[in-house]
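Here are the chains, one letter per residue:
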Amino acid sequence: MLQSRLSHSYLLRFIDFPVIDEEKLYVFYGMLEQAKLEHRRKQDTLLSIMLVQIALDTHELISLEEIDNESDRKNRQLTVLAGDYFSSMYYHLLSKWEDNELIRTLSEAIQEINEAKMSFYQTDYSAIEPVFENLKEIESILVRKVAEHYGLSNWKSFGSHYFYMNRLLTERKQGIIQSGSFMIQKIASTLLSVKSAKLSTNQVSKAKIVLDSYIAYAKKEMDQLLQQHSELHQLFQERFEYNWGMTGIQEKKMAEEG
Amino acid sequence: MKLKTIYASLKKDLSFIETELEQTVNAHHPVLRDASNHLLKAGGKRIRPVFVLLSGKFGHYNLPLMKNVAVALELIHMASLVHDDVIDDAEMRRGAKTIKAKWDNRVAMYTGDYIFARAIELVTELKDPAANRILSHAILEMSIGEIEQIQDQFNWDQNVRDYFRRIKRKTALLIATSCELGAVAAGASKKEQLHLKQFGYYVGMSYQITDDILDYTGTVKQLGKPAGGDLLQGNITLPVLYAMNQKNEKKKIMDVFSDEVHSSQEQVDQVLSIVKLSGGIEHSRQISDRYLQKAFYELEQLPASSARTSLRQIAEYIGKRKH
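Protein chains in written order, with the working numbering: chain A, 1 to 258; chain B, 259 to 581.
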């Protein structure tokens, strides 16, 4: 359903199909199940929340570099417009349900997320802790707002931790593929005072060690949360262990390094 | 008549709206705040808030309530401009650096998204659920119109119907929505809501056609850039579409743009003269005027008032404006 709503034939000739974060989809689905919405309304609400996330993620893809060829130029133009299109779709969908309150909640979340993103992007941190705190804030806002909206307090800290943990793992994966993601760059610029866009292998390794130590800590917190919430344990333990296993991280070794 | 003179009756209310605009985009993060204010200070015609306020005069005009709609509509327009500048890679707007030029693309994307969300939040203050339905429809159509504009760049097979559908989505719907929502917020009758919406639609069509004509006839001083900017980007508008419908002219124009990726000002100048000789400008003026006449007809269905007179004056200004 989500895929068919996202398809706009012309857009997809120039831009990649938007990435749907399955973990987020799974969490929001679980939350809305608990919120006990009528089936069709639940579907559209889930779609709207995911559209907000996808719109924000799509705009993250806009690069800073100068562009000198037609295909890249068109790709950038349509990426901007795709984000705007997804964003207008969430609003349109919820307005059909006359869900004024959720429209307000989501628009507040978008504002807060952009404030947090701007802070992450513009701040020259002097310590590493706030870098991770800021990242956690970016990942937490949407799920926290939705949880508050439906009075699902048990999902609030769980969702925040789960999204944060997944974001760290994604950053780690990207860091390995690209030898330095935006996060790795941020860690290097904060800890090692590296300002250049190109990092040496040694600098990337140092930044990865720091990232891994935060991943290890986040994993511990995640395990504790799953112990505390038996209903979520049932839903997520297996999934979480599977995703963790896929990363190939050796927990014991990491804990020693951290 | 100058726009400033027409706005005189609303001076106090518009000044209140201006203050509200500043307060509304008062973000916590200094860069987000500065970027939003930078665009506000660059000015603009504020035509959407004016249409909201004047349309509100046909119901129970209540400024504290009207302001939510007036501010929201201007912010939506602003947010779309911030993203448009990333799309067009534009350095200047309204004589000031664009946000993407003063900061960068990422700051522009965050600022546009922030302003857009802020605007939607304001509309949720209205009690009538129709307000969100009307606005969300307009915004969705607007974004499809923008996608179509990119799709139709250098597409020589498009026709006048494609053009009208595109400008309806791109410009006319948001102006129609400004008028309609002003009437909705003030609780005007359904009949009045409909006439005001239609008025806004026709004025919006005329406004965009005039804009497209000015791209051919305006001076650097009037436009703040050389004429033919639309053509340079491959945007095919009514004057050129008319020229292309004349015998042999389509081939001449297409020949000039055979290398569309590297179109130059020289090529644009050649097409400008073909379009002018074809009568494309005159024809477009006639079409723009026809839309204005339709707008006036809609106004005549509304009760006579100073608001109705002001709406007519603004529509006349739009049809004759030079920038």
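Quick caveat, the hints were computed from the structure, so don't treat them as lab data.
There may be inaccurate statements among the hints.
[To be verified] One-sided excerpt, in silico: chain B residues whose CB lies under 8 Å from chain A:
{"id": "1", "residue": "265"}
{"id": "2", "residue": "268"}
{"id": "3", "residue": "289"}
{"id": "4", "residue": "290"}
{"id": "5", "residue": "292"}
{"id": "6", "residue": "295"}
{"id": "7", "residue": "349"}
{"id": "8", "residue": "376"}
{"id": "9", "residue": "382"}
{"id": "10", "residue": "395"}
{"id": "11", "residue": "452"}
{"id": "12", "residue": "472"}
{"id": "13", "residue": "541"}
{"id": "14", "residue": "543"}
[Unchecked claim] To be clear about the criterion: a stretch of chain A counts as covered by chain B if any three or more of its residues have a C-beta under 8 Å from a C-beta of chain B, and this derived list gives those stretches:
{"id": "15", "region": "85-92"}
{"id": "16", "region": "240-248"}
Think of the CB as a built atom: it goes at the ideal place given N, C-alpha and C, for glycine as much as any other residue.
Verification of the supplied hints:
1. 265: Violated, because the Cβ-Cβ distance from residue 265 of chain B to chain A comes to roughly 30 Å (cut-off 8 Å).
2. 268: violated (28 Å)
3. 289: holds (5 Å)
4. 290: Constraint on residue 290 of chain B satisfied, holds at 5 Å.
5. 292: Violated, about 11 Å.
6. 295: violated (14 Å)
7. 349: It is violated, given that the least Cβ distance between residue 349 of chain B and chain A is near 12 Å, above 8 Å.
8. 376: holds (6 Å)
9. 382: OK, holds: residue 382 of chain B within 8 Å of chain A, min 4 Å.
10. 395: holds (7 Å)
11. 452: violated (20 Å)
12. 472: Violated: closest Cβ of chain A sits about 23 Å from residue 472 of chain B, beyond 8 Å.
13. 541: violated (29 Å)
14. 543: violated (30 Å)
15. 85-92: holds (count 6)
16. 240-248: As far as the region 240-248 of chain A goes, the hint is violated, because 0 residues have Cβ atoms under 8 Å from chain B.
Of the hints listed earlier, those the structure fails to meet are numbers 1, 2, 5, 6, 7, 11, 12, 13, 14 and 16, in rising order.
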